[in-house]
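Participant: One letter stands for each residue in the lines below.
Protein chains: 2
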Amino acid sequence: MSTISTNPPAGMRDFGPAELCARRHVENVIRDVFEAHGFVEIETPAVENLSTLLGKYGEEGDQLLFRLLHRRDKLSRALEGKPAEKDLAETGLRYDLTVPLARFIANNAATLPRFFKRYQIQPVWRADRPGKGRFREFCQCDVDITGTSSLLAEADICNAVAMTLSRLGLTNVAIHLNHRCLLRGLIAASGITAGHEESALVAVDKLDKINEDGVLKELDTRGITPESGRKLLEVLRRPDGLTEVAELDRLRTALASNEEAVKSIDELRQLLEVAADSMAGPLFKIDASLARGLGYYTGPIFEIRAADIKGSLGGGGRYDNLIGMFSNRSIPAVGFSIGFERLILVLEERKLMPPLMTGPEVLLCRFAEVPAAGILRIANLLRQAGLRIEVYPETPKIGKQLGYAESIHVKVAAMLGEDELKAGNITLKNLASGEQVTVTLGAAASMITGWLGKTPL
Amino acid sequence: MSTISTNPPAGMRDFGPAELCARRHVENVIRDVFEAHGFVEIETPAVENLSTLLGKYGEEGDQLLFRLLHRRDKLSRALEGKPAEKDLAETGLRYDLTVPLARFIANNAATLPRFFKRYQIQPVWRADRPGKGRFREFCQCDVDITGTSSLLAEADICNAVAMTLSRLGLTNVAIHLNHRCLLRGLIAASGITAGHEESALVAVDKLDKINEDGVLKELDTRGITPESGRKLLEVLRRPDGLTEVAELDRLRTALASNEEAVKSIDELRQLLEVAADSMAGPLFKIDASLARGLGYYTGPIFEIRAADIKGSLGGGGRYDNLIGMFSNRSIPAVGFSIGFERLILVLEERKLMPPLMTGPEVLLCRFAEVPAAGILRIANLLRQAGLRIEVYPETPKIGKQLGYAESIHVKVAAMLGEDELKAGNITLKNLASGEQVTVTLGAAASMITGWLGKTPL
Numbered sequence: 022m023s024t025i026s027t028n029p030p031a032g033m034r035d036f037g038p039a040e041l042c043a044r045r046h047v048e049n050v051i052r053d054v055f056e057a058h059g060f061v062e063i064e065t066p067a068v069e070n071l072s073t074l075l076g077k078y079g080e081e082g083d084q085l086l087f088r089l090l091h092r093r094d095k096l097s098r099a100l101e102g103k104p105a106e107k108d109l110a111e112t113g114l115r116y117d118l119t120v121p122l123a124r125f126i127a128n129n130a131a132t133l134p135r136f137f138k139r140y141q142i143q144p145v146w147r148a149d150r151p152g153k154g155r156f157r158e159f160c161q162c163d164v165d166i167t168g169t170s171s172l173l174a175e176a177d178i179c180n181a182v183a184m185t186l187s188r189l190g191l192t193n194v195a196i197h198l199n200h201r202c203l204l205r206g207l208i209a210a211s212g213i214t215a216g217h218e219e220s221a222l223v224a225v226d227k228l229d230k231i232n233e234d235g236v237l238k239e240l241d242t243r244g245i246t247p248e249s250g251r252k253l254l255e256v257l258r259r260p261d262g263l264t265e266v267a268e269l270d271r272l273r274t275a276l277a278s279n280e281e282a283v284k285s286i287d288e289l290r291q292l293l294e295v296a297a298d299s300m301a302g303p304l305f306k307i308d309a310s311l312a313r314g315l316g317y318y319t320g321p322i323f324e325i326r327a328a329d330i331k332g333s334l335g336g337g338g339r340y341d342n343l344i345g346m347f348s349n350r351s352i353p354a355v356g357f358s359i360g361f362e363r364l365i366l367v368l369e370e371r372k373l374m375p376p377l378m379t380g381p382e383v384l385l386c387r388f389a390e391v392p393a394a395g396i397l398r399i400a401n402l403l404r405q406a407g408l409r410i411e412v413y414p415e416t417p418k419i420g421k422q423l424g425y426a427e428s429i430h431v432k433v434a435a436m437l438g439e440d441e442l443k444a445g446n447i448t449l450k451n452l453a454s455g456e457q458v459t460v461t462l463g464a465a466a467s468m469i470t471g472w473l474g475k476t477p478l
Numbered sequence: 022m023s024t025i026s027t028n029p030p031a032g033m034r035d036f037g038p039a040e041l042c043a044r045r046h047v048e049n050v051i052r053d054v055f056e057a058h059g060f061v062e063i064e065t066p067a068v069e070n071l072s073t074l075l076g077k078y079g080e081e082g083d084q085l086l087f088r089l090l091h092r093r094d095k096l097s098r099a100l101e102g103k104p105a106e107k108d109l110a111e112t113g114l115r116y117d118l119t120v121p122l123a124r125f126i127a128n129n130a131a132t133l134p135r136f137f138k139r140y141q142i143q144p145v146w147r148a149d150r151p152g153k154g155r156f157r158e159f160c161q162c163d164v165d166i167t168g169t170s171s172l173l174a175e176a177d178i179c180n181a182v183a184m185t186l187s188r189l190g191l192t193n194v195a196i197h198l199n200h201r202c203l204l205r206g207l208i209a210a211s212g213i214t215a216g217h218e219e220s221a222l223v224a225v226d227k228l229d230k231i232n233e234d235g236v237l238k239e240l241d242t243r244g245i246t247p248e249s250g251r252k253l254l255e256v257l258r259r260p261d262g263l264t265e266v267a268e269l270d271r272l273r274t275a276l277a278s279n280e281e282a283v284k285s286i287d288e289l290r291q292l293l294e295v296a297a298d299s300m301a302g303p304l305f306k307i308d309a310s311l312a313r314g315l316g317y318y319t320g321p322i323f324e325i326r327a328a329d330i331k332g333s334l335g336g337g338g339r340y341d342n343l344i345g346m347f348s349n350r351s352i353p354a355v356g357f358s359i360g361f362e363r364l365i366l367v368l369e370e371r372k373l374m375p376p377l378m379t380g381p382e383v384l385l386c387r388f389a390e391v392p393a394a395g396i397l398r399i400a401n402l403l404r405q406a407g408l409r410i411e412v413y414p415e416t417p418k419i420g421k422q423l424g425y426a427e428s429i430h431v432k433v434a435a436m437l438g439e440d441e442l443k444a445g446n447i448t449l450k451n452l453a454s455g456e457q458v459t460v461t462l463g464a465a466a467s468m469i470t471g472w473l474g475k476t477p478l
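Residue numbers (the numbering used here), protein chains in the order written: chain E, 22 to 478; chain G, 22 to 478.
Heads up, some of the hints might be wrong.
Copies of the same chain look alike in the list, so a pair counts if it works inside one copy or between any two.
What the hints assert, rightly or not - The calculated PhoX-like cross-link candidates involving lysine-lysine, where the alpha carbons are at most 25 Å apart (straight line), are:
(1) K418 <-> K95
(2) K153 <-> K95
(3) K443 <-> K475
(4) K432 <-> K252
(5) K107 <-> K95
(6) K432 <-> K418
(7) K306 <-> K230
(8) K475 <-> K95
(9) K421 <-> K252
Simulated from the structure, these hints should not be mistaken for lab results.
Chain E on its own, in the form it takes in the complex (with noise of 0.2 Å):
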């Protein structure tokens, strides 16, 4: 069995100790804030019906589903033919946290109140070809709001999102803003068609990553004039030194006549002055190119950037139209994904990982002649002034049980002689600054308590 190799699959990854700290730190800060805003979490299982999945991520999407193989009986049949991809399986791995949400909405409408806040972190899978930073496994961290047209719940959740941006340390951020019939507005006002709409909104989405030239050479190879493209970029170009309110102003004035444009470009205002005062405010940049990629918003969209960081740190807007595709309702939705892997990465990049590990604080040694009921009992009184210890398990020569301690970085051992047994003592050692000292039993907890700087329980 030695051939094996024993990474992961490929685009799969392991976390250890220290990396999984850091998630879950970045994750319970979520929690936290999310929580404040009265969203409560869910959790949907790692695989769907394939029923539930297909055809909801355009053809792209459909071909990037992990699929379970039928097994034994169902497998024979499906064998015994010439059987197609459709034949050999009919669940499949969880692709996003946004279809999974619809099919819970459907599934306990009777019992959901009737504006439901929720927020899931879970992983979901894609073949997608692996690369830096691109992952077959990954975590989502969405957070939704269904029920309201209200664009009280654009500002709530980007005011959630700013809060958990701002718990984190990461400053220099901005909330890009854009309304989806705006951006559709200023294409028809450049004299693109309709029918060249949908390529005119991919090509400008990647406007961010291959600048104008290569806008301009996409809309071209997609049969759209140059002199329609140039004007596209030119009410895109935001000018300099202006405020938000100005920039909403400059692009009324571009849009004329369109109703529909006209009306977003209110709500747009309308969603500045409701999130003013809130976290979310001073981070909103209204962003006429913004695009996002998924063709399903139909209002306001967001995008988190951050200053010196290619791409985006996580985005959303509101999407009427898809929460209820299994209860034949309307329902609509605002919702938000914090780019959770991106996150970290810009975390880690940008030091803001706070002294994080949950390893342990104290090693416990023994001389061998101490038995080992005694030390697992000194453990658990330790324990009880909230102390993380371990128990060095065998009884080798002291000093190679310190220089485990010093391997897996604990700041204190504590060592338990034959004498120290009797007298009730027992002796520590700062493993930072080497002071040694001996003290009772009851009074170590508080002295190791002092020497890691923590609050006693």
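Got chain E; can you put chain G on it based on the hints?
Facilitator: Quick look at chain G alone, frame taken from chain E:
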């Protein structure tokens, strides 16, 4: 799309907010206790290579693996011929957490500490026939110490498990204790040949479920003479009133000259001594009939049993030949798997789940003339005091908003009208008592905190 089922696939579950709170509570207690014992957490991917998984769980286990169907070219190529199951997949879903641990250890050998104390709480997937309490996706919670043969490791793990049960409020529990070599010795001493040992183990494992008569019948079916069967059952029967040590002495007499089995009795006696002053000490119950299904145990084995509850709440033991399987090394190990799903059921049955909801505590309502921006500002003010605040997103009549507040079980409704807004006040309503007061914004948080019985931040 209305005809497709919105239930999760067979054997899979959605967890709504209340269920998830209960699960998180248990998870957090486990986390706290194991970290207090110096364990660190890891996670491994849901998907493993089939080369890692196959052949580790017996033939039946292999049958229960979920395999991920090949995609695109690989699938097309496979379908050109006359494919078998093995040609259609090379990865599958995690079946347990032990094999991934072994792979993780082999893959990280250079950086892991000599004694690796890890815990892991993640779902696993098995294509079992779904039934009451039997799921195809369920949470496992494993804790293992690798790298030492010292019995202190057994005591350490059992102490942590005992502390977990105690923190969860679960009383009337026992940790049944046996040793693989002891049970083997008793089987041999009953005149059962080595060739029938495995059959005898399988039959004895069912003693809890099918009683002595059932086991006798099964032993007979498997070709073991009634005389041997009766002899075995007799020696397994523990007389009333014996202490644990006395029970070990009784078993020692029955074994007489079987050197290995006598050694195992000495080990159990030592373990009782080592754990005597720990939280596991009073819970240990020598049970020579404890077999534990899996054949890979090599030393002491344990199982949590609760009074009035059939089956176990988790179990484990020493398994010295498994963790090294991908490393070509022998790595001693002892582990415990807490029956997470059973535990949740039992805690709920015994009404031991504390009040847990993390949903909003306060609903902020407003009259139509109050701008949304004002209410969002107040929401953040109250959140700074550690309160969980939901804002009603629309402005129907206040009565309707209050009705919603009651429907989502918040304890307090806060109402803002134009007068309050101007005066810097807010009206608070205690929905339990009906009490209603108008206070300054600065006084609102402490008033609410008092009503909720929370400690101020």
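Participant: Evaluate each hint against the coordinates.
Facilitator: How the hints compare with the structure:
| no. | hint | result |
| --- | --- | --- |
| 1 | K418 <-> K95 | neither (61 Å within a copy, 57 Å between copies) |
| 2 | K153 <-> K95 | between (38 Å within a copy, 23 Å between copies) |
| 3 | K443 <-> K475 | neither (29 Å within a copy, 45 Å between copies) |
| 4 | K432 <-> K252 | neither (64 Å within a copy, 56 Å between copies) |
| 5 | K107 <-> K95 | both (13 Å within a copy, 15 Å between copies) |
| 6 | K432 <-> K418 | within (20 Å within a copy, 60 Å between copies) |
| 7 | K306 <-> K230 | within (19 Å within a copy, 66 Å between copies) |
| 8 | K475 <-> K95 | neither (59 Å within a copy, 56 Å between copies) |
| 9 | K421 <-> K252 | neither (74 Å within a copy, 50 Å between copies) |
Taken one by one, the earlier hints fail for this structure at numbers 1, 3, 4, 8, 9, listed in ascending order.
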